[in-house]
Each structure stands twice: as C-alpha cells, then as structure tokens.
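From first to last, the protein sequence lines stand for chains A and B.
In this text, residue positions in the first sequence follow the numbering used here: the first is 1, and each later residue adds one.
In this text, residue positions in the second sequence follow the numbering used here: the first is 1, and each later residue adds one.
None of these hints come from the bench; they were simulated from the model.
Treat the hints loosely; a few may be bogus.
[To be verified] To give a feel for the contact side, a few chain A residues facing chain B, derived at Cβ under 7 Å:
id, residue
1, Ala35
2, Leu37
3, Leu38
4, Ala42
5, Thr43
6, Ala47
7, Ala48
8, Arg51
9, Arg81
10, Leu161
11, Pro163
12, Phe164
13, Thr168
14, Leu172
15, Thr250
C-beta: ideal position from N, C-alpha, C; glycine also.
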Amino acid sequence: MQGYLTRRIAHSLLALIGVTLVAFVFVNASGDPAALLLPGDATPAQAAELRRSLGLDRPFLAQYGLFVWQAAHGNFGTSLRQQLPAAQVILTNAPATAELAVGASVVSVVLGVPLGIVAASYRGRLYDWLTSVFVLIGQSAPIFWLGLMAIWIFSLELRLLPPFGRGTLAQLVLPVMTLAWYVSALLTRMTRASMLEVLDQDYIRTARSKGLSWIPVILKHALRNAAIPVLTVFGLQFGELLGGVVVTETVFAWPGMGRAIVDAIDARDYPVVLAGVVVVATMFVAVNLLVDLSYGLLDPRIRYQ
Amino acid sequence: MRHAFKILCTLVCVLILAVPGAVFSATDTPVSVAQGIDAQTLDPQMDTLGSSTAIFSNIYDALVMVDDTGRVVPALATAWRFVNDTTLELTLRRGVTFQNGAPFTARDVVFSLQRMMATDHPVLTHPWIADIVKNVVAIGDYTVRITTEAPDAPLLRRMAPWLILPEDTFQKVGAQEFGQHPVGTGPYQAGQWVKNDHLTLNAFPDYWRGRPRISQVTFRVIPEDFARYVALKTGTADILVNLPPERVAEVQQDPNLRVAAIHASRTIFIGMNTWTPPFNKVQVRQALNYAVDVDEIIQTILKGHGYRNPSSVNQTTFGYCPTLKPYPHDPQKARELLAQAGYPHGFSATLATTIGRYLDDVQVAQGVAGQLESVGIHAQVAQEEWAVYWGAWLSRKQPGMYLLGFGGAPLDADYVMASHFDSTRRGIYYNSPTSDKLIADGRRTTDDAGRKQIYCQLESYLQTQAPWIFLFDQQDIYGMTKRVVWQPRVDELIWMYDATVQ
Numbered sequence: 001m002q003g004y005l006t007r008r009i010a011h012s013l014l015a016l017i018g019v020t021l022v023a024f025v026f027v028n029a030s031g032d033p034a035a036l037l038l039p040g041d042a043t044p045a046q047a048a049e050l051r052r053s054l055g056l057d058r059p060f061l062a063q064y065g066l067f068v069w070q071a072a073h074g075n076f077g078t079s080l081r082q083q084l085p086a087a088q089v090i091l092t093n094a095p096a097t098a099e100l101a102v103g104a105s106v107v108s109v110v111l112g113v114p115l116g117i118v119a120a121s122y123r124g125r126l127y128d129w130l131t132s133v134f135v136l137i138g139q140s141a142p143i144f145w146l147g148l149m150a151i152w153i154f155s156l157e158l159r160l161l162p163p164f165g166r167g168t169l170a171q172l173v174l175p176v177m178t179l180a181w182y183v184s185a186l187l188t189r190m191t192r193a194s195m196l197e198v199l200d201q202d203y204i205r206t207a208r209s210k211g212l213s214w215i216p217v218i219l220k221h222a223l224r225n226a227a228i229p230v231l232t233v234f235g236l237q238f239g240e241l242l243g244g245v246v247v248t249e250t251v252f253a254w255p256g257m258g259r260a261i262v263d264a265i266d267a268r269d270y271p272v273v274l275a276g277v278v279v280v281a282t283m284f285v286a287v288n289l290l291v292d293l294s295y296g297l298l299d300p301r302i303r304y305q
Numbered sequence: 001m002r003h004a005f006k007i008l009c010t011l012v013c014v015l016i017l018a019v020p021g022a023v024f025s026a027t028d029t030p031v032s033v034a035q036g037i038d039a040q041t042l043d044p045q046m047d048t049l050g051s052s053t054a055i056f057s058n059i060y061d062a063l064v065m066v067d068d069t070g071r072v073v074p075a076l077a078t079a080w081r082f083v084n085d086t087t088l089e090l091t092l093r094r095g096v097t098f099q100n101g102a103p104f105t106a107r108d109v110v111f112s113l114q115r116m117m118a119t120d121h122p123v124l125t126h127p128w129i130a131d132i133v134k135n136v137v138a139i140g141d142y143t144v145r146i147t148t149e150a151p152d153a154p155l156l157r158r159m160a161p162w163l164i165l166p167e168d169t170f171q172k173v174g175a176q177e178f179g180q181h182p183v184g185t186g187p188y189q190a191g192q193w194v195k196n197d198h199l200t201l202n203a204f205p206d207y208w209r210g211r212p213r214i215s216q217v218t219f220r221v222i223p224e225d226f227a228r229y230v231a232l233k234t235g236t237a238d239i240l241v242n243l244p245p246e247r248v249a250e251v252q253q254d255p256n257l258r259v260a261a262i263h264a265s266r267t268i269f270i271g272m273n274t275w276t277p278p279f280n281k282v283q284v285r286q287a288l289n290y291a292v293d294v295d296e297i298i299q300t301i302l303k304g305h306g307y308r309n310p311s312s313v314n315q316t317t318f319g320y321c322p323t324l325k326p327y328p329h330d331p332q333k334a335r336e337l338l339a340q341a342g343y344p345h346g347f348s349a350t351l352a353t354t355i356g357r358y359l360d361d362v363q364v365a366q367g368v369a370g371q372l373e374s375v376g377i378h379a380q381v382a383q384e385e386w387a388v389y390w391g392a393w394l395s396r397k398q399p400g401m402y403l404l405g406f407g408g409a410p411l412d413a414d415y416v417m418a419s420h421f422d423s424t425r426r427g428i429y430y431n432s433p434t435s436d437k438l439i440a441d442g443r444r445t446t447d448d449a450g451r452k453q454i455y456c457q458l459e460s461y462l463q464t465q466a467p468w469i470f471l472f473d474q475q476d477i478y479g480m481t482k483r484v485v486w487q488p489r490v491d492e493l494i495w496m497y498d499a500t501v502q
C-alpha cells in the first residue's frame, strides 16, 4: 500500500512538471506579457525596458528553470498584473470554485446515479426514454448555452433567482444546477450501462429467487458491483468538471479560480497561469488517487501493490 | 373577523408600499455600476485599462481635469502658468486631505510624478510621462514646477490621468498593500473588494469639492453581455457599461430604464503597413479609401451607432479639423488608382482584426473586406486574439492591413500623432518628413488657434497620404435605470461625483 502510494505521488509530480512545461511553452509562444501590460501608446522600446525589468528577456529555459526552482520552495512568483503573489491570486479564489465543484459533484451524484438505476430498471420504458432526453441535452448542449437559458428563464422571466454573483445560497443554485446537469448526464449513462450489465448476472437472479425484494437487490447487490466503472468515470469526469467550472464562472460572474486563470491567460500573466495549472492539476490528480483507493473499499478483492 | 382581516391586509399593503419608499427615497441609496472586467490592482500607476481608470478617477484626483467641452479645469492644482517654454508652474490647492487624514502637499505631487518617471522598475503609466517630463520639483508646500524635455503644448491635457498618491502612506505600507487598500484625495474611498465580483466605494465626507451626494457606489464585474443586461433589467445594476446595440430598443421600451449614448473619444480605423508592397504606394492606399463605403458600414453593421470621421484625430479631441471632407465612395476611381499603381487586377492581402475588443470589430473587418472585393482586392480577414495581435503589432510585424481602435485621454491631437505617425515617437507603420515637421510644430506651438491651424494642415496631408482607411468614431452606449442621474463622459471615465439619485 505504502509503496503504491509513493509511486503514485512520484508519478503525479512528474505529471505536474510536464503540465507546467506545456503551459509555460504555450503562454510564452503566443504574445508578449510586457506589451500587453503597457498602455496603448507605449513604444516598442518601453516594452523592451519593461521586459528586462520583469526578467522576461532571459532565455526560455532559464525562466522555466527559475520557476521550477522557486515553485519547489513554495514561491510561484508575483502576478505581473495584480502585484500580488501568484499563489495568493489563485488560492483566494479557490473556495469559490470549490463551492461550485463540490456542489455540482454532490448534485450530479444524487441526481445521476438514481436516474441511471431507474433507467436500467425500466429499460426500454418511458422512464428510460425520459432519462435519455435528460442525458442527451446535458451532454450535447454547451454549458454556456445552458447557463444563458437558465438566466433567461429563472432570472429574467420568472425573477426567481439572481443571475450572477456569489454570497447567498440563492446565487449558488443556477451555476451549480447548470454544471451538475452537464456532469450528471454522463454519470447517468454510465450507471445505467453498468447496472444493466450487473442485472444480468447469475447472483442477481439467485438473490431474487431466494425471495429478496427488488429494492434491496438493486441497492445492495447490484449497485455495489456496478459502482466501480461509475466511480472511474466520475474521477475522469472531474477534469471535465473543472473545465466546465471556467465557463460556468464566466456566465454567472462567479468570482472563482477558473476566471482568475482565464484572465491570466488573456494577459499572459504567466506566474498566475502556472500557479493555476499546478493547483488544478493537483486537484485532478488527488481526486483520481482517491477514486483508485476507494476501489478497495468497494471490492475487497482489489489489492494495491 | 372579516373586518379585522381587511384592516390587516390594508396595513400590510401600506407597509409594503411605504417601506421601500422610505428606504429608497433618500439620495443616499447605493448605486451599482456593471462592467465586464475588474481592476487588476487599485494602484493607479500599475493598471492602465480603461475599465480600471474609470474606477480610479473616483478614488484619486489629478492636478487638472478636462471638462465636457474639452477645457482644462482646476482639480488639485488651482492655477498654472508657463514660466518659460519648458517650465510649468502649478499652484496647489490648500486644505486638501487624503482619505486617511494626511494633508496633501507638493511632496505628494513630486513623489507621484517621480514614481511614473523612474526607469529602473518602470510602473505601467511610465509611457505617459517618459521622454516628456524631465524634472519635477516642489517650491514650498503648495507650488510645483514641472520641466519638460522640449516645449510641449499638450502638457496640461496630458496631466488629466496623472493621479496623485500620498507619499508617506505609500512608503509606509508598500506598493503591494497600497494596491489592495488605496488612499487618495478623491470623492470615494475604496471599501470591500472581492476580486472579480465587486468593489465598494464609500463617499469620502471631507472631499474638497464637498461630500458626494451618493453615499455608496458598487462596481460589479459581470463578464457575460447577457447576464449584465439581465442585471440591469432586474434592477441589480443601475449603470451598465457597453450596452450591446441590439439591446438598445428593448431598454428604451422599459419604463424604468433609459439609454445614454455619447460620441466616444475612440476612433476605429484600418491601418496599413506602408513599408510593404502594395501599401507602400500612395495610390493603393487612396484607392482603398475610395473603395470602402463607410456610411454603409455604420448603418448596416453598427446600426447607426458610430460617427463617420474623415480624419485621423477623433472628433471630440482638441485639434480635430472640422473642415475636412471624407473620401467619397467611388469604386471606379479606386480601380483607376489601382491601375496607376500597377495593380489593374487588384491583389491579395491580410486584414488582421481584434475579436470583440471593439464593438462589432470582426463584422466591420468582414464588411470592409467584402467592399474591397468589388474593386478586385482580396482581403483575408485574420481574427487574432489580442495578445497575439498586439505582440505582432508592436514589433512591427502586422504584414498588411489591421483594424484597430485608438483614443482616450489625453484628448489632444498630439496623442494620436505620437502613437501612429511620428518617426521620433511611435510612427512604426507610417511616417514622413512632411508630417514629422507638422507634428513637431503642433507640439511646440502654445497658442490654441495657431495649433488648430497646424493640425488642419497635418490632418489634410495625412488624409491624402492615407496611411489608414479612415472609418469612424465609436459611440459608447450605457444602459441606465431612470432613478440615477448621471452623464457619460467622452474620456470613458465613470465619474460618480456629479451623479445623483432621484
């Protein structure tokens, strides 16, 4: 177990370095942060002066090396735009994003798994069809469109919920539901498929034939065995969720990490971009590690070596 | 029982009607302004985006201000005179205090300007002052002398965005902390700031012009156009910056809302890299101006929300030459000129455009490209993200035509000349000895009438040289609730001191 963990963490560190290198290359290859910082009347000479003062004139590898060295010591540098430590820019926005991501995850599990079970149980019947429609919309409609429709219906026409901002529970509803629809769609489909496979197994028939009623069979015998693929998908889907967070935050003016990162990318504020990439990648890696570890709880036959 | 119920109902109704009336009738109801992006820092020398300067003008003051008619009026300076060609002496206002109670003196002016001048770790407002101001000295507590590198007629207008910081406070807390909790002499003090959500400004009771009538102004950040519009419709925002033109009719129909539009100081044009063929030929550049039907672009694409401008200087700006006539739309003439230049069958070139930086920028570029097609010029519209576009532009790598906007403070013709046509400053896509000389004359001449004459000559010369396809000045459109009385400004500032609530 310990060896497994050590190996996984070492892999994750390598992945982080790879991800930051890719981000660094892209941010650097497309546009000059100094030119973007200065007002519209600045001369090329003034841009060069600023580049020098920010250390952007050093060779690419030297800049990246310095970043890795400092990051290893917990220092992600200073935001070029905000004059604050880059890690602080990202982390002050993290609670808002966590609120959205956790909220959407909970709602999508609470919504997606039961819907999947119901659809599998009533295969080919009306419930199954209705679920398919729900899944189809969630998976095919872009999040920003879902978000705009939600604002249009619930904020403008019905005046039920505030269209933007963060602070009250009411403000959380629209962004979480929008994001959750998207995430739960795949979860529903996976649960349904996985349940259908399990429901055909011999032990389900055995359980039924020894007189157990339908609901305990589904929840105790079938769901537990169907859960592993669903959980895997959930872990992988977490990346999609983080992507969806960026769009959701923009549509609903939610002051989170996603918007901080997008703003930083627009401005080529690379310390913030890199700090953001590290935080997001760490979250993704951590969630998937937890998912892998939870297999053992669901299926005692699984061993970590 | 039924009677009691009736009374209760009436009471409830009265309360429902009366309470909001009582709460909202006072002039000190909070007002909220919705913009698409937030300030990056509240240190005004480290953020020069228009949306940020719009906020800063409420927290800080400059030495002078430019009023609605383009006149320079006193702010922290009460009077000024040129001691000689290159020395301006300013008398400062007495009895002004910063929001933390510290007195405002000449030291603060010297400190703020010297911070802008420093070159070792330049602040972002450095380009506004670099190569212009040579030295700033205090003479006593309430007099300041500014020496310029050369005679500089636009100097006073330039000073409008130079905001004054408190030296002692700044030195004590340091730049980083100051950027989060700023202190100025302006009408509003910065309160709670939740990045990318809102910034609350509270009235500064001891403001030298008198206490602001609105006690609290909140700047809200709502990036999505539609969400911003819904915020206005539902009354959560009172002033909405950049109302999309397609929403204008809807807002006008709403009994609680109105539209405020203003001729903006930003000019949209299509520049050309005049060093590369075919744009190095003046006939080609003129042909492009004859080929484009600017009025049609304004009517069909901008739905009338733009002002045709035959000149390179914005029409709201000092030095605009009102006698200039635009190029007529004449495709036949364009073809003749192209033939003279050696391109009887036209040519292909790129037309780079920003994406969403200016109102309908991509559509305008596509419209122009469509019109050029009719005289045989095949313009490939390249939509470039701003970072890519601007990086290339500033390193002189825009190969053909480029759509760009230019404007804002200072509202002086020298600003656009310096940034686009002067070989000694940033004329990196076009310059010529004739225009250089006129630009230098305009900058040196101190009497306004004389300057205007020089700019007329210069603008008409530039028109025949056609380094741009001259297009239009932008219109800034704001959506507003009717309860707020506020006037938009040419320079895009959101100056809330003069605003009131009905």
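Here's how the hints hold up against the structure:
1. Ala35: Since the shortest Cβ distance to chain B is 5 Å, the answer is holds.
2. Leu37: At about 6 Å, which falls below the 7 Å cut-off, the nearest Cβ of chain B leaves the hint on A/Leu37 intact, so it holds.
3. Leu38: Holds. Min distance 6 Å.
4. Ala42: 4 Å, holds
5. Thr43: 5 Å, holds
6. Ala47: 6 Å, holds
7. Ala48: Violated: closest Cβ of chain B sits about 10 Å from A/Ala48, beyond 7 Å.
8. Arg51: Violated, about 11 Å.
9. Arg81: 4 Å, holds
10. Leu161: Check failed: Cβ of A/Leu161 comes no nearer than 10 Å to chain B, outside 7 Å.
11. Pro163: At 4 Å from the nearest chain B Cβ, A/Pro163 passes the 7 Å test, so the hint holds.
12. Phe164: 5 Å, holds
13. Thr168: 12 Å, violated
14. Leu172: 14 Å, violated
15. Thr250: 5 Å, holds
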